[in-house]
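Residue numbers (the working numbering), protein chains in the order written: chain A, 1 to 280; chain B, 281 to 524.
Be a bit skeptical, because a hint or two may be false.
[Said to hold, decoys possible] Using C-beta positions, here's what the derived DEER-type ranges look like:
| # | chain 1 | residue 1 | chain 2 | residue 2 | range |
| --- | --- | --- | --- | --- | --- |
| 1 | B | Ala399 | A | Ser104 | 51 to 59 Å |
| 2 | A | Pro118 | B | Ser341 | 53 to 61 Å |
| 3 | A | Ile223 | B | Ala450 | 51 to 59 Å |
[To be verified] Within a straight-line C-alpha distance of at most 25 Å, the following computed SDA-like cross-link-like pairs (lysine to any residue) qualify:
| # | chain 1 | residue 1 | chain 2 | residue 2 |
| --- | --- | --- | --- | --- |
| 4 | B | Lys413 | A | Gly175 |
| 5 | B | Lys294 | A | Asn100 |
| 6 | B | Lys356 | A | Pro173 |
| 7 | B | Lys356 | A | Pro99 |
| 8 | B | Lys438 | A | Gln193 |
| 9 | B | Lys361 | A | Arg188 |
| 10 | B | Lys391 | A | Gln198 |
| 11 | B | Lys294 | A | Gln176 |
| 12 | B | Lys391 | A | Pro197 |
| 13 | B | Lys391 | A | Thr186 |
| 14 | B | Lys353 | A | Arg188 |
| 15 | B | Lys356 | A | Leu103 |
| 16 | B | Lys361 | A | Glu181 |
| 17 | B | Lys438 | A | Glu178 |
| 18 | B | Lys413 | A | Gln198 |
| 19 | B | Lys361 | A | Thr186 |
| 20 | B | Lys343 | B | Gly470 |
| 21 | A | Lys275 | B | Glu420 |
| 22 | B | Lys353 | A | Pro197 |
Because the hints were derived from the structure by calculation, they are not lab data.
Ideal placement from N, C-alpha and C gives every residue a C-beta, glycine not left out.
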Amino acid sequence: MSKPFAVLLPLPEILHHHSAPARFRLSLRHGAALLGLLLLVSVAANAADAPAQAGVFTVLARWTPLLLSGFALNILISVMSMSVGTILGAFLGLALISPNRVLSAPAWGVTQFFRNAPWLVLLFFMIFLLPYHMQIGPFTFTAPDWVKAVIGLALPVMANVAEIVRGGVQSIPNGQWEASESLGFTRRQQLWQIILPQALRRMIPPWMNLYAILTTSTTLASIVGVNDVVTLAAQVLSAEGSRPDLLAPIYGYVLVMFFIYIYPIAWATRRLETKYQVRN
Amino acid sequence: MAEPLLIIENLHKKFGPIEVIKGVSMTVAKGEVACIIGPSGSGKSTLIRCVNALVPFEAGSVKVLGIEVNDPKLDKLQLRKHVGMVFQQYNLFPHRTALQNVMMAPVQVLKRDRAEVEAEAYALLKKVRLQGKEHSYPGELSGGQQQRVAIARSLAMKPDLMLFDEVTAALDPETVGEVLITIRQLAEEGMTCVLVTHEMGFAQEVANEVYFTDRGVIIEHAPPAQFFANPTDERTKSFLSKVL
Numbered sequence: 001m002s003k004p005f006a007v008l009l010p011l012p013e014i015l016h017h018h019s020a021p022a023r024f025r026l027s028l029r030h031g032a033a034l035l036g037l038l039l040l041v042s043v044a045a046n047a048a049d050a051p052a053q054a055g056v057f058t059v060l061a062r063w064t065p066l067l068l069s070g071f072a073l074n075i076l077i078s079v080m081s082m083s084v085g086t087i088l089g090a091f092l093g094l095a096l097i098s099p100n101r102v103l104s105a106p107a108w109g110v111t112q113f114f115r116n117a118p119w120l121v122l123l124f125f126m127i128f129l130l131p132y133h134m135q136i137g138p139f140t141f142t143a144p145d146w147v148k149a150v151i152g153l154a155l156p157v158m159a160n161v162a163e164i165v166r167g168g169v170q171s172i173p174n175g176q177w178e179a180s181e182s183l184g185f186t187r188r189q190q191l192w193q194i195i196l197p198q199a200l201r202r203m204i205p206p207w208m209n210l211y212a213i214l215t216t217s218t219t220l221a222s223i224v225g226v227n228d229v230v231t232l233a234a235q236v237l238s239a240e241g242s243r244p245d246l247l248a249p250i251y252g253y254v255l256v257m258f259f260i261y262i263y264p265i266a267w268a269t270r271r272l273e274t275k276y277q278v279r280n
Numbered sequence: 281m282a283e284p285l286l287i288i289e290n291l292h293k294k295f296g297p298i299e300v301i302k303g304v305s306m307t308v309a310k311g312e313v314a315c316i317i318g319p320s321g322s323g324k325s326t327l328i329r330c331v332n333a334l335v336p337f338e339a340g341s342v343k344v345l346g347i348e349v350n351d352p353k354l355d356k357l358q359l360r361k362h363v364g365m366v367f368q369q370y371n372l373f374p375h376r377t378a379l380q381n382v383m384m385a386p387v388q389v390l391k392r393d394r395a396e397v398e399a400e401a402y403a404l405l406k407k408v409r410l411q412g413k414e415h416s417y418p419g420e421l422s423g424g425q426q427q428r429v430a431i432a433r434s435l436a437m438k439p440d441l442m443l444f445d446e447v448t449a450a451l452d453p454e455t456v457g458e459v460l461i462t463i464r465q466l467a468e469e470g471m472t473c474v475l476v477t478h479e480m481g482f483a484q485e486v487a488n489e490v491y492f493t494d495r496g497v498i499i500e501h502a503p504p505a506q507f508f509a510n511p512t513d514e515r516t517k518s519f520l521s522k523v524l
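Let the hints inform the model, and build the full structure from the sequences given.
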């Protein structure tokens, strides 16, 4: 830690602390700043509380199980959209790099559409377009809102995964294609035996990065009425009589939850990025 | 002269509007070593890429053991069983060991028996003097060692013709020699070779015929003694005066 008092620096200073690359990187320092901020507002709110009211920390402790159950739903949504989006995106990405225009042209269209659509709009579409009961053949599915949210978020994930696959494959030097072609490999063999095994490791860091972004975006589901952690935080606030002094501590608490979950992912992503950078 | 193994007739190749090969013809007999020299951008690498159909060409004919490459119905696998190629940048598969690099094509492309191929791969790596490196990954080998694995990898397909595309150009000077020894050994065993090279000394030593290309045409060709001692064309003379 080069600057132990980073917590006390104004926010822009913290954000630009890693001066060399212009890219923003999540670091432990940001977590410390967040925690410090949470403590600060909580203590301040606590001190300002009228004696008759429950203290901020009592309130936080009382609602922690409920908030955590909401947070678990955020994680569930993120894991499920990531899984669905990754499977669909892998196929879409393979179609993108196909030399066959009949495959690659529509794949390009789909990718561009879902990559450039705002996630919230896609979410609204899924919530209001998909019926509650879905009939596929003889089977009837019941789709609660959070399942629709999974589908809505899986779409942009799919498009982004497709781009990650395409980028990973294109990052492999042309010589690998030439060498394997001259040895008589078919295109399918080239892709599965030579190119994809090498491209896969380059795809993992951006894929994990995408997961981190997706996880934070699951809070969008609160806008369309899913009982995620943000929705529950709002309900907790009103249950406590909409006390303004609780606003910052409760949402700060939610922020810290996300940080604790995402930080290890960001850290591992960075580790992998450096590792694969060195090894060609 | 033995029977011709490779016959190129009036080959033309364009990249977009730019014609990089403008009517090249050459014949390489079985067991012959042909060296192609010439300034950068004269179409040497493109020429040998046309021979194993890595690059399509517009006009002319390339025949390898009677197989016409300029045929829309060409069986590329059939062609590539006969033609091996070694590249300037080695292009080894970095996620596989040296041994696996050598074994992959015979096992997966020719569907041959793995144990049999493995024994051959060990022998090939020994032949290029890389015993003990069988289980090293390309990243752990020097440039010269990687290039020799690449040669062994091509030989594993038992080709009749080997193409070498400036295979020593990316190497450190001290490792060039070990690759050239391997190629010379192949030539002495009677392998038909076409080399694009900047190693004039080597061309002089192992080639049966030296071709000088410039701007997409063959300016002149002759056996090395005659080619280097008495070049006839002005462009050849000027090129040789710069590189020798």
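Review point. What hints, given by number in increasing order, does this structure fail?
Key: When the structure is compared with the hints, numbers 1, 22 turn out to be violated.
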